[in-house]
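In order, the protein sequence lines correspond to chains A and B.
Mapping the first sequence onto the working numbering, position 324 (from 1) lands on 324, and the numbers just tick up by one.
Mapping the second sequence onto the working numbering, position 342 (from 1) lands on 342, and the numbers just tick up by one.
Keep in mind that the hints were calculated from the coordinates and are not lab data.
Listed below are several chain B residues computed to face chain A (Cβ distance under 8 Å; list not exhaustive):
(1) M32
(2) L39
(3) L42
(4) M51
(5) A135
(6) M260
(7) P261
(8) A263
(9) V285
(10) A447
(11) L468
(12) I469
(13) V492
(14) G501
Negatives, chain A to chain B, calculated, CB over 12 Å:
(15) R111
(16) R168
(17) T191
(18) R242
(19) R319
Below, a list of computed lysine-lysine pairs in the DSS-like style, where the Cα atoms sit at most 30 Å apart:
(20) A:K314 / B:K157
(21) B:K310 / B:K345
(22) A:K314 / B:K500
No residue lacks a Cβ here, since even glycine has one placed at the ideal position from N, Cα and C.
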Amino acid sequence: MNETLAIYANYALYSAVGVLTLAMIAYAVYLAGAVPAAERDAEAAVEADDAARSARARARAEQVAALAGAPASADPRGASDERSPSTDPPTAADPRGTSDERSGADPERARVGAGIGGALSWLGTGLLLLSLVLRGLSVERAPLGNLFEFSVAGGFFAMLAYCLVPLRRGMHWLGLFVLAPVTLLLWLAGTIWYTEAAELVPSLDSYWLVIHVSIATLATGLSIVGAVLAALFLIRDRASKRSFWAKLPAAPKLERLSYGMNVVAFPMWTFTLIAGAIWARQAWSSYWNWDPKEVWTFVIWVVYAAYLHARVTKNADRRTVAWIALAGFACIVINYTIVNFYFVGQHSYAGVG
Amino acid sequence: MSTRATRRDGVTQPRLGPVGWARWAWRQLTSMRTALFLLLLLAIGAVPGSMFPQRSLDPARTTDWIERHPDAGPVLDRLYAFDVYSSPWFSAIYLLLFTSLVGCIVPRTITLARQLRARPPRAPRRLQRLEAHDAFVVADEDLPAVLDDAASTLRRKRFRIARHDETTISAESGYLKEVGNLLFHGSLVTLIVGMAIGHLYGWRADIVVPEGESFVSTVTRYDTWAPGPLVDGEDLTPFALTVEKMTASFEEDQAGQIGMPRAFSAEVRYADRLGGATQPAHVAVNEPLELDDATVFLLGNGYAPVVTVKDRDGQVIYSGATAFLAQDGSYRSTGAIKVGAAQPKQLGLVGLFLPTAVIDDTQGPISVFPDLRNPALAMSVYEGELYPKGSAQSVFSIDTDTMEPVAPDDGSEDIARIWLQPGETKDLPGGRGTVTFDRVDRFAGFAVRDDPGKELVLGSSVVALLGLIASLVIRGRRVFVRVVPAGDGRSVVHLGGMAKGEDDRLSRVVTDLADELSQRSAPAER
Numbered sequence: 001m002n003e004t005l006a007i008y009a010n011y012a013l014y015s016a017v018g019v020l021t022l023a024m025i026a027y028a029v030y031l032a033g034a035v036p037a038a039e040r041d042a043e044a045a046v047e048a049d050d051a052a053r054s055a056r057a058r059a060r061a062e063q064v065a066a067l068a069g070a071p072a073s074a075d076p077r078g079a080s081d082e083r084s085p086s087t088d089p090p091t092a093a094d095p096r097g098t099s100d101e102r103s104g105a106d107p108e109r110a111r112v113g114a115g116i117g118g119a120l121s122w123l124g125t126g127l128l129l130l131s132l133v134l135r136g137l138s139v140e141r142a143p144l145g146n147l148f149e150f151s152v153a154g155g156f157f158a159m160l161a162y163c164l165v166p167l168r169r170g171m172h173w174l175g176l177f178v179l180a181p182v183t184l185l186l187w188l189a190g191t192i193w194y195t196e197a198a199e200l201v202p203s204l205d206s207y208w209l210v211i212h213v214s215i216a217t218l219a220t221g222l223s224i225v226g227a228v229l230a231a232l233f234l235i236r237d238r239a240s241k242r243s244f245w246a247k248l249p250a251a252p253k254l255e256r257l258s259y260g261m262n263v264v265a266f267p268m269w270t271f272t273l274i275a276g277a278i279w280a281r282q283a284w285s286s287y288w289n290w291d292p293k294e295v296w297t298f299v300i301w302v303v304y305a306a307y308l309h310a311r312v313t314k315n316a317d318r319r320t321v322a323w324i325a326l327a328g329f330a331c332i333v334i335n336y337t338i339v340n341f342y343f344v345g346q347h348s349y350a351g352v353g
Numbered sequence: 001m002s003t004r005a006t007r008r009d010g011v012t013q014p015r016l017g018p019v020g021w022a023r024w025a026w027r028q029l030t031s032m033r034t035a036l037f038l039l040l041l042l043a044i045g046a047v048p049g050s051m052f053p054q055r056s057l058d059p060a061r062t063t064d065w066i067e068r069h070p071d072a073g074p075v076l077d078r079l080y081a082f083d084v085y086s087s088p089w090f091s092a093i094y095l096l097l098f099t100s101l102v103g104c105i106v107p108r109t110i111t112l113a114r115q116l117r118a119r120p121p122r123a124p125r126r127l128q129r130l131e132a133h134d135a136f137v138v139a140d141e142d143l144p145a146v147l148d149d150a151a152s153t154l155r156r157k158r159f160r161i162a163r164h165d166e167t168t169i170s171a172e173s174g175y176l177k178e179v180g181n182l183l184f185h186g187s188l189v190t191l192i193v194g195m196a197i198g199h200l201y202g203w204r205a206d207i208v209v210p211e212g213e214s215f216v217s218t219v220t221r222y223d224t225w226a227p228g229p230l231v232d233g234e235d236l237t238p239f240a241l242t243v244e245k246m247t248a249s250f251e252e253d254q255a256g257q258i259g260m261p262r263a264f265s266a267e268v269r270y271a272d273r274l275g276g277a278t279q280p281a282h283v284a285v286n287e288p289l290e291l292d293d294a295t296v297f298l299l300g301n302g303y304a305p306v307v308t309v310k311d312r313d314g315q316v317i318y319s320g321a322t323a324f325l326a327q328d329g330s331y332r333s334t335g336a337i338k339v340g341a342a343q344p345k346q347l348g349l350v351g352l353f354l355p356t357a358v359i360d361d362t363q364g365p366i367s368v369f370p371d372l373r374n375p376a377l378a379m380s381v382y383e384g385e386l387y388p389k390g391s392a393q394s395v396f397s398i399d400t401d402t403m404e405p406v407a408p409d410d411g412s413e414d415i416a417r418i419w420l421q422p423g424e425t426k427d428l429p430g431g432r433g434t435v436t437f438d439r440v441d442r443f444a445g446f447a448v449r450d451d452p453g454k455e456l457v458l459g460s461s462v463v464a465l466l467g468l469i470a471s472l473v474i475r476g477r478r479v480f481v482r483v484v485p486a487g488d489g490r491s492v493v494h495l496g497g498m499a500k501g502e503d504d505r506l507s508r509v510v511t512d513l514a515d516e517l518s519q520r521s522a523p524a525e526r
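With these hints in hand, go ahead and build the complete structure from the sequences.
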């Protein structure tokens, strides 16, 4: 137990919250200044390789068209583009032109906001990692022993998920919406859920803590981003063309991104359940006890399973599907809060008195 | 359950007989919509079990809850709110779900087997109409080479190839996706079977063993014995186990954490079979002792004061360690010392053991720390019949219906109270003899458990996870190539792609293939 390190860990956490708050402001500036997505296609910068590829595709199409001599089949790519407007911008023979023109579509202030927001997001994520490492060193174990610790870990994983995928793809519009819940989570962790650095009680003192809880928090992090995207999809889907939400990418794209996050999170929830069961058998003698935390993890798993099934069902309304994803996320929130504080069970490790 | 399209046979019969209705019901049950509904119902159905105490987990808290809610309690009880996971309605949900699951797995497995035997289907006439399409121009003399190139490229990308005629190629990939999907759903069924085996053939027993004492695994020796419905306690393998030392450590330094448990472990010797050689072992929380037919878990611990009672003649009528059960985090423990050999009436000493005893002004005798800092026994004296009519009763309390309080010699109170610290001896009232508090031992609380289904459950869940990942990661795609002669010694090679379910990368796959093939054949183009 090293209490000095725990204090430094807290400083790192407070700095992260500060940095992420600034990033949120930067992203808000970006969103305020950004032009609607309809006039912009800034997400994927077209690299030289992709440009050459699409040039070749165009050349092929022209040759075929010349041979056929019929304008009807002139642009075969155009047909599939209509069906999936924003599926793969890199290969699309996009008449709107080069990357230079596209990035020029965002006003200067918005681009600066996005740049600052992105840099601060990385910095905040790094600070969260530093906080976790210091906390871990201070208590000489994985920093996943109580609600405070796994909230910080969950926030870190959500930020990491955001930085690694959407941020690198230039999806700056998502920044504000991910950072807001993460910052809220970290703020709650640092204030009302704060728990002094301490050693573990015997039942938690196992290598399964690292395996089970790290994957659970990673899954939670991904589910946060997935839920944010599902909510944005629901809003964007009903938004009028002139509204603020029209700045976001088209609704089907938001829905696909949300699915992408949730589809990665689901096997992780499955793994969480399995690893938890193995550990439960070791610590409590039975792999399944219908403990409230187990029940709710099971409920989360079942709801996300329903989500995946609903999504592959032909003719299922994507709005309903998104609502199921949000219901799954609501179960995660309940599992983290109400179950920890109000339900009596063997997982009563929140450490909040 | 996932991508199953509802099949519609061209049934035009005007009326449904019983078979027809059964078929209709089966269709409904195995449809995706029903499965989805049952899944959500299962999630909702599981929730009450986390809100109300469950009888199977904590019977005392359940009884207490019902008593504290005299209006809602009995009603909820009738709705199985306290036995959710064994209730008829919860069972109905998951049994229907699993029937639906089986009804979905079986036909899909047959379809997959058929698909694996058959060749990929013929190419459609107009590939332009498919989800993804690309085309390029080739000189006729290069055509055979280009088609061979296409076939080998697709084969390299793990497509199965069929060439139904000279001008087309059919390629299909993603059989493993369906295999993974079926494995996932199939393992859920074997998982349930494993759970059922564990429930039917497994057993659980609890026992409290003070340091230095032993037990042999037989039904009568355990404090509690909970067998599965098909378990015959007679054929337990009677292993023997002795607790040599029980260690417990608690937080002593850090403010706010003082008294929190830090480590529990028991050093034991055990013999797999009666009369077999004994060997040492270390049993701790998270480190159970795995035996051939059972597993021993250290789940509890506490104190067992060693007390000697002598009668008025100085004859030892009781001597031994008696386990007292901890009631709070500071191990304020309750228990009963039963002196069955006392004459003329049996004696019972009931009360508290306090590892770090303090007399609190309002709460009376309490313990302020879980470790032995200032151990004390606070006992009340009863006499009467300890085991009325030989009925079984708790070892931690006495039946006060058949036991009378013994008044102290000075008559100051209704009942004689004895306060003892280790090494002390006190007189029992009325010249009944003496009681000596020799020392305090710790006891280990073991759960002994056998679950013959656990390997099947673990294996199934691992296979389910692998199958799930395969079904989510692998894409099911069909790619077709068709050559259309354009005259003038040239032909157009059309490429078309179809996906099973949604597939963001499909058009990329098709254009990349077109790109590759046309580039390789490019020198001959002009």
